[in-house]
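Enquirer: Protein chains in written order, with the numbering used here: chain Y, 318 to 547; chain G, 9 to 613; chain P, 2 to 352.
Keep in mind that the hints were calculated from the coordinates and are not lab data. The reader is advised that the hints may include incorrect statements.
Some but not every residue of chain P turned toward chain G, in silico, with C-beta under 10 Å [to be verified]:
id, residue
1, Leu16
2, Ser17
3, Gly62
4, Val109
5, Arg126
6, Arg130
7, Ile151
8, Gly163
9, Glu206
10, Ala207
11, Asn211
12, Asp252
13, Cys290
14, Lys302
Derived contacts from chain P toward chain G, CB cut-off under 7 Å, selection only [unchecked claim]:
id, residue
15, Ala8
16, Pro88
17, Val123
18, Gly128
19, Asp212
20, Leu297
Quick caveat, the model's predicted, so the values are computed rather than measured. Yeah, the Cβ is synthetic: ideal placement off N, Cα and C, and Gly gets one too.
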Amino acid sequence: MGTTATTDLKVTNSGLGSSGPGPGGSDPFGSGRPKDWPPGITRDDRIEPKKYRIGMWAALASILMLFVALTSAYIVRQGTPATRPADWITIELPPVLWLNTALLIVSSLTIELSRRALKRSDYAAVKRWLSLTTLLGIGFLAGQIVAWRQLAAQGIYVSTNPHSSFFYLLTSLHGLHVLGGVLALTYVTVAALRLRIGLRRAVAVDVTAMYWHFMDGLWVYLFLLLFFWK
Amino acid sequence: MAETVPEIHGGVHRHEPPKRWIRRYVFSTDHKVIGIQYWFLALFSVFVGMALSLLMRLQLGWPGEQFGFLKTLFPNAAANGTISPEFYLSLVTMHGTIMVFFVLTTAPQGGFGNYFLPIQIGAADMAFPVLNMLSFWVTFLALAVMILAFFANMIDPDAAIGVLGPIGGWTGYAPLSAIGESAGPGQGTGVVLWVTSIALFCIASLLGALNFITTMLNLRTKGMSLARLPLTCWAWFTTAVLALLSFPVLLAAGILLLLDHLAGTSFFIPANLYIKDNVLTEHAGGSPILWQHLFWYFGHPEVYIAILPGMGLTSHILSTFARKPVFGYRVMIYAIFAIGLLGFFVWGHHMFQSGMDPRTAVAFSLITLSIGVPSAIKTFNWIGTLWGARIRFTTPMLFAVGFVSLFVSGGITGLFLGQTSVDIPLHDTYFVVGHFHLIMGVAAIFGIFAGTYFWFSKMFGKRINETMGKVHFWLTFIGVNAIFIPFHVMGMQGAPRRYSTHGNLEYLGGMAPLTKFISYAAFVTIGAQLIFLVNLIWSMTRGPKETEENPWEATTLEWTVPSPPPHDNFAGHEPVVHRGPYEFSVPNAANDFCKQTDPEPAAGD
Amino acid sequence: MGKRNTARDVTGGILSLGLAGLYIWFLSSFRPSGIYFLMAGAVFLICQYIVFSVFALGKPGHGLGVLLIFLAVATAVLFVGKWWWWPEGISSFAPELDAQFTRTLVVVAVAFIGAQVALGYVVMRYGSRGKERAVYSHGNTKLEVTWTLITAVIFIGTAILGQRVWAQLHLNEAPEGAEKIEVVAQQFQWNFHYSGADKTFGRTEARFINDSSLNYVGLDPADAQGNDDTQVSTLAIPVDRPVELTLKSKDVIHSFFAPALRFKQDAVPGLNIKVHFTAQKVGKYEVTCAELCGQLHYNMKTFMLVLPQNQYEELAAMKEEAFKERLGELLKEYKLPEEQKRANEEQTQTN
Numbered sequence: 318m319g320t321t322a323t324t325d326l327k328v329t330n331s332g333l334g335s336s337g338p339g340p341g342g343s344d345p346f347g348s349g350r351p352k353d354w355p356p357g358i359t360r361d362d363r364i365e366p367k368k369y370r371i372g373m374w375a376a377l378a379s380i381l382m383l384f385v386a387l388t389s390a391y392i393v394r395q396g397t398p399a400t401r402p403a404d405w406i407t408i409e410l411p412p413v414l415w416l417n418t419a420l421l422i423v424s425s426l427t428i429e430l431s432r433r434a435l436k437r438s439d440y441a442a443v444k445r446w447l448s449l450t451t452l453l454g455i456g457f458l459a460g461q462i463v464a465w466r467q468l469a470a471q472g473i474y475v476s477t478n479p480h481s482s483f484f485y486l487l488t489s490l491h492g493l494h495v496l497g498g499v500l501a502l503t504y505v506t507v508a509a510l511r512l513r514i515g516l517r518r519a520v521a522v523d524v525t526a527m528y529w530h531f532m533d534g535l536w537v538y539l540f541l542l543l544f545f546w547k
Numbered sequence: 009m010a011e012t013v014p015e016i017h018g019g020v021h022r023h024e025p026p027k028r029w030i031r032r033y034v035f036s037t038d039h040k041v042i043g044i045q046y047w048f049l050a051l052f053s054v055f056v057g058m059a060l061s062l063l064m065r066l067q068l069g070w071p072g073e074q075f076g077f078l079k080t081l082f083p084n085a086a087a088n089g090t091i092s093p094e095f096y097l098s099l100v101t102m103h104g105t106i107m108v109f110f111v112l113t114t115a116p117q118g119g120f121g122n123y124f125l126p127i128q129i130g131a132a133d134m135a136f137p138v139l140n141m142l143s144f145w146v147t148f149l150a151l152a153v154m155i156l157a158f159f160a161n162m163i164d165p166d167a168a169i170g171v172l173g174p175i176g177g178w179t180g181y182a183p184l185s186a187i188g189e190s191a192g193p194g195q196g197t198g199v200v201l202w203v204t205s206i207a208l209f210c211i212a213s214l215l216g217a218l219n220f221i222t223t224m225l226n227l228r229t230k231g232m233s234l235a236r237l238p239l240t241c242w243a244w245f246t247t248a249v250l251a252l253l254s255f256p257v258l259l260a261a262g263i264l265l266l267l268d269h270l271a272g273t274s275f276f277i278p279a280n281l282y283i284k285d286n287v288l289t290e291h292a293g294g295s296p297i298l299w300q301h302l303f304w305y306f307g308h309p310e311v312y313i314a315i316l317p318g319m320g321l322t323s324h325i326l327s328t329f330a331r332k333p334v335f336g337y338r339v340m341i342y343a344i345f346a347i348g349l350l351g352f353f354v355w356g357h358h359m360f361q362s363g364m365d366p367r368t369a370v371a372f373s374l375i376t377l378s379i380g381v382p383s384a385i386k387t388f389n390w391i392g393t394l395w396g397a398r399i400r401f402t403t404p405m406l407f408a409v410g411f412v413s414l415f416v417s418g419g420i421t422g423l424f425l426g427q428t429s430v431d432i433p434l435h436d437t438y439f440v441v442g443h444f445h446l447i448m449g450v451a452a453i454f455g456i457f458a459g460t461y462f463w464f465s466k467m468f469g470k471r472i473n474e475t476m477g478k479v480h481f482w483l484t485f486i487g488v489n490a491i492f493i494p495f496h497v498m499g500m501q502g503a504p505r506r507y508s509t510h511g512n513l514e515y516l517g518g519m520a521p522l523t524k525f526i527s528y529a530a531f532v533t534i535g536a537q538l539i540f541l542v543n544l545i546w547s548m549t550r551g552p553k554e555t556e557e558n559p560w561e562a563t564t565l566e567w568t569v570p571s572p573p574p575h576d577n578f579a580g581h582e583p584v585v586h587r588g589p590y591e592f593s594v595p596n597a598a599n600d601f602c603k604q605t606d607p608e609p610a611a612g613d
Numbered sequence: 002m003g004k005r006n007t008a009r010d011v012t013g014g015i016l017s018l019g020l021a022g023l024y025i026w027f028l029s030s031f032r033p034s035g036i037y038f039l040m041a042g043a044v045f046l047i048c049q050y051i052v053f054s055v056f057a058l059g060k061p062g063h064g065l066g067v068l069l070i071f072l073a074v075a076t077a078v079l080f081v082g083k084w085w086w087w088p089e090g091i092s093s094f095a096p097e098l099d100a101q102f103t104r105t106l107v108v109v110a111v112a113f114i115g116a117q118v119a120l121g122y123v124v125m126r127y128g129s130r131g132k133e134r135a136v137y138s139h140g141n142t143k144l145e146v147t148w149t150l151i152t153a154v155i156f157i158g159t160a161i162l163g164q165r166v167w168a169q170l171h172l173n174e175a176p177e178g179a180e181k182i183e184v185v186a187q188q189f190q191w192n193f194h195y196s197g198a199d200k201t202f203g204r205t206e207a208r209f210i211n212d213s214s215l216n217y218v219g220l221d222p223a224d225a226q227g228n229d230d231t232q233v234s235t236l237a238i239p240v241d242r243p244v245e246l247t248l249k250s251k252d253v254i255h256s257f258f259a260p261a262l263r264f265k266q267d268a269v270p271g272l273n274i275k276v277h278f279t280a281q282k283v284g285k286y287e288v289t290c291a292e293l294c295g296q297l298h299y300n301m302k303t304f305m306l307v308l309p310q311n312q313y314e315e316l317a318a319m320k321e322e323a324f325k326e327r328l329g330e331l332l333k334e335y336k337l338p339e340e341q342k343r344a345n346e347e348q349t350q351t352n
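So that you can see chain Y by itself, here it is in the shape it has in the complex (with noise of 0.2 Å):
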């Protein structure tokens, strides 16, 4: 029982969802701690996959007070639309950010369908989907490079309006969370590429599917805030 808790948490070329009396069961992202634990291992050797998605929402939590606070600052300085000071100038939206948009939505489907292929140890699949949403993330970040590169060829930079210094304020965090997320998914992709994807592998693309559902869906809060919230 021991060797075989051993050699499982050994793992690494053989591909995903390999059964065996590990962490949860075969399912490595099932919840709940493991009940018993063969003799000479402890806890350290457990891979816990409810530690990371604790953490995540832990740090989801925090990044949306950041965000939350933002708005509050931007909703004061707008104010109502009887109070609206007279330099809050609507700039105009730049088309691009509609492609963003649709790039970062499509990229939210692709890390789905690779989190729902690591499932079913569909590897090829894994591969596949995984490489395009990393793609798709560098795309967007491209993408909103571009955007600011035309507002500033207009003239429009942070200090212009406030508006403007909360489009830059707003897009340049939220991008740079999503570069760290590009990050992730660099990691998880060159070892999916490379066929190591272990367990612990396995939590991280978990994890990291997480955070990019949520930057996705901050965008899109974002987009509208900024562009329609009157």
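Since the structure of chain Y is provided, determine the placement of chains G and P on it from the hints.
Expert: Leaving out everything else, chains G and P in the frame of chain Y:
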């Protein structure tokens, strides 16, 4: 990583500490080393903060008097041996910021929480050790930048050379802090460094908070149900939740302030400010009150971030040395939650006179006073814990009792300040300064002292000298009361805070003897802290070795391991918990304490 | 803990001698008389008892208990003795505010003394006694609920009472016919803008502000209504008549604080904050800044003259030059309450 085969020695799997010195003691991922690093960082900071307050007390007690040594120390800021008004304000700002962030937020949570949360729940380390290391070193960087801010004028080529940091107080109200050097000395580079340091600190605290939450939710050992957690763990957990939800807001505020400062935006700067014969036309439409909302949305929970770990620790220590279970264990947890939750809805009570909508003030006032209820419950339960006890008056116990007393003294004056009307004359006077120093400053520091004396032998493997500890307690306890209770009286006379002298206000005429008395009391109290420092150094180097696992005859898991504990805390074993955390004086038990790991007696025993 | 301990005895001895030294120094340098002599003696004896019980008897619980009870009593004496207290309140709402302050003080005093004495009692009473065990109890729900309800009712009741003055001040408009004055704060000076005989303020704008030509509030020279306006750095208001101040700031946040009025309100750049009050006693009072506004914050003070109505009317109708001159005379004529008190004391001494 899981890829390596664990070494197995006779069914027990141990982790050895890293061999290289730098990985073991400097860039360590061991929560115990990180806890001690945080503790030393706070110790350094508290002595810096205290030295600044010493200078402030010199100026306040003897305004205008010349001190030769000041001239030597600060040839520019105190050119003729007296502390200039802007230097005084710079001292106020640095004292406040260093104490709040790098002592009160750091020591109880980053220090003790890091060291003891994993051990008390039976875990080998925090959930994310690398993140833990990162959060300490970002805090360290933040402290370095903060100290640099104090010397901002030496870096800034435009400013007069001299020791002078920002002069906006720890609250850094905009637009004073947003418009740069034209608003006064120190407001340029000084503020930029100050707010950068705070932003770094926010990031470090967020990393720490998510680590604490995950650790407590996920790494509890077998049998450690939520209802068996020591109250310290509940306090650290609640504190982490507060930090997780409030520091991002401060971070947002800090980013906006930096942009106003450096990028020419106008988040907090209204149109057409007239400063130094100049109209600032490049800014328009910003809201100064927005800064206050964002700041206090963080600032109020921050008060609880400072005090909650002290509350948990006090419950823990009172029970241990009273040899009696905590009175109303569950109620204590609910009270901590209630305080934490209500803490998010009261920030407006700092802003009654700020020009915000007076109707919202009424709501803020009612919620504020309702925080008094869980606080009163805690006090009641602490006294209940001591009722019928058999108290052992060790140094940590003395500090814990001191905590309760100071918590009452400092907390109860909130009843004045939380009322919209009574706050009108008291706002921004010494009454407020006395109130928050007692509750958030000194009570929280007493929690830190109690923790230090309680856990010293566990952390350092040496016994701390009890006699010096007791002298430290008596002088400090009497001293802080002699300092901060008269502050309230000054406030009731109407003395405004952040004044380098009150000498030019006639209505405060009779106050001078009181301020002198406070200064003397402060000198004695500061002297007592030197006893503490000597005790620490002496005990760490020459103190007797701690040979026992459980010198206090306590119950929780940290007392089941050697002092100091091995690298992975339980030497590869996983402790199994059978009992609640405070089983003292159980009738018919062999000892007057039952460890959490002691097996439950068979039924019918 | 009956056994002797040399370190403890020596420490106790040193502390005891130190206390005696402190006491002698205090007596010789301050030479207190009457009640203060007795109080100092009591404090000395209590401190000696604490040292004795902690270090000689080895009963720290006794010392701590006595100290906590002493602390509660001393604090109460300090608060109730009123050696340091507010200047006399002169606004219409000051009596009600002071009454609410006193009500709160009573609640706080009862709770504070109750808690400290209870804590002092338990540490005195329940010291360890050899191997004897403590009471094994996890709490008492009934007591807990009762205690919670009592504190909730008292605390929230106090809070509700505390809203009355607030509502009167901030939730109501200024009464009809209130005297309107604009307050423009700046680093580190107060400017008061009077509308003059026409009772209409001239237009003000930031671009007209020019401190060196004494146009501190930024009056538009082209606006005829501003011709009879006056800007001064001392506040003069009529007695027994509602006053409405409009608080503005030119640069950073300041706070208008008049302790005698029991009144304080921030002046925020970009906002015009209207407040109103009625002063009920003629005299000269101090106004200072209560919000940190920079380098010379501590020095941002001025005077408020509360004038008899006819005197005020006469002043308010004057043109700028005459206004300033008359105000200067009045400033010399009136004395601060503290100056008056000193003068009275000197007089009684010479008599």
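Enquirer: Taking the hints in turn, state whether each one holds.
Expert: Hint check results:
The interface hint given for Leu16 of chain P holds, since its Cβ lies 8 Å from the closest Cβ of chain G, which is under the 10 Å cut-off. Hint status for Ser17 of chain P relative to chain G: violated, with the closest Cβ pair at about 12 Å, above 10 Å. Here the hint on Gly62 of chain P is kept, as its CB sits about 6 Å from the closest CB of chain G, short of 10 Å. The restraint placing Val109 of chain P at the interface with chain G holds, with a minimum CB-CB distance near 5 Å, inside the 10 Å limit.
Given the 10 Å rule on beta carbons, the hint for Arg126 of chain P holds: about 9 Å separates it from the nearest Cβ of chain G. Taken as an interface hint, Arg130 of chain P checks out: its beta carbon lies about 6 Å from the nearest beta carbon of chain G, inside 10 Å. For Ile151 of chain P, the interface hint holds, the least distance from its beta-carbon to any beta-carbon of chain G being 9 Å, beneath 10 Å. The interface hint given for Gly163 of chain P holds, since its Cβ lies 3 Å from the closest Cβ of chain G, which is under the 10 Å cut-off.
With 10 Å as the threshold, the beta carbon of Glu206 of chain P comes within range of chain G, its nearest partner Cβ sitting at about 8 Å, so the hint holds. A hinted interface residue such as Ala207 of chain P counts as satisfied when its beta carbon comes closer than 10 Å to some beta carbon of chain G; here the least separation is about 3 Å, so the hint holds. At a threshold of 10 Å, the smallest CB-CB gap from Asn211 of chain P to chain G is about 8 Å, leaving the interface hint in force. The restraint placing Asp252 of chain P at the interface with chain G holds, with a minimum CB-CB distance near 5 Å, inside the 10 Å limit.
For Cys290 of chain P, the interface hint holds, the least distance from its beta-carbon to any beta-carbon of chain G being 7 Å, beneath 10 Å. Given hint, Lys302 of chain P at the interface with chain G, holds; its Cβ is 6 Å from that chain's nearest Cβ, closer than 10 Å. Contact between Ala8 of chain P and chain G, as hinted, is supported at the beta carbon level, the nearest pair being about 5 Å apart and thus within 7 Å. Interface restraint check: Pro88 of chain P against chain G, minimum CB-CB distance 5 Å, threshold 7 Å, status holds.
Hint status for Val123 of chain P: holds, given a least beta-carbon distance of 4 Å to chain G, under 7 Å. For Gly128 of chain P, the shortest C-beta to C-beta distance to chain G is roughly 5 Å, which falls under 7 Å, so the interface hint holds. At a threshold of 7 Å, the smallest CB-CB gap from Asp212 of chain P to chain G is about 6 Å, leaving the interface hint in force. The closest approach between the C-beta of Leu297 of chain P and any C-beta of chain G is roughly 6 Å, which is under the 7 Å cut-off, so the hint is satisfied.
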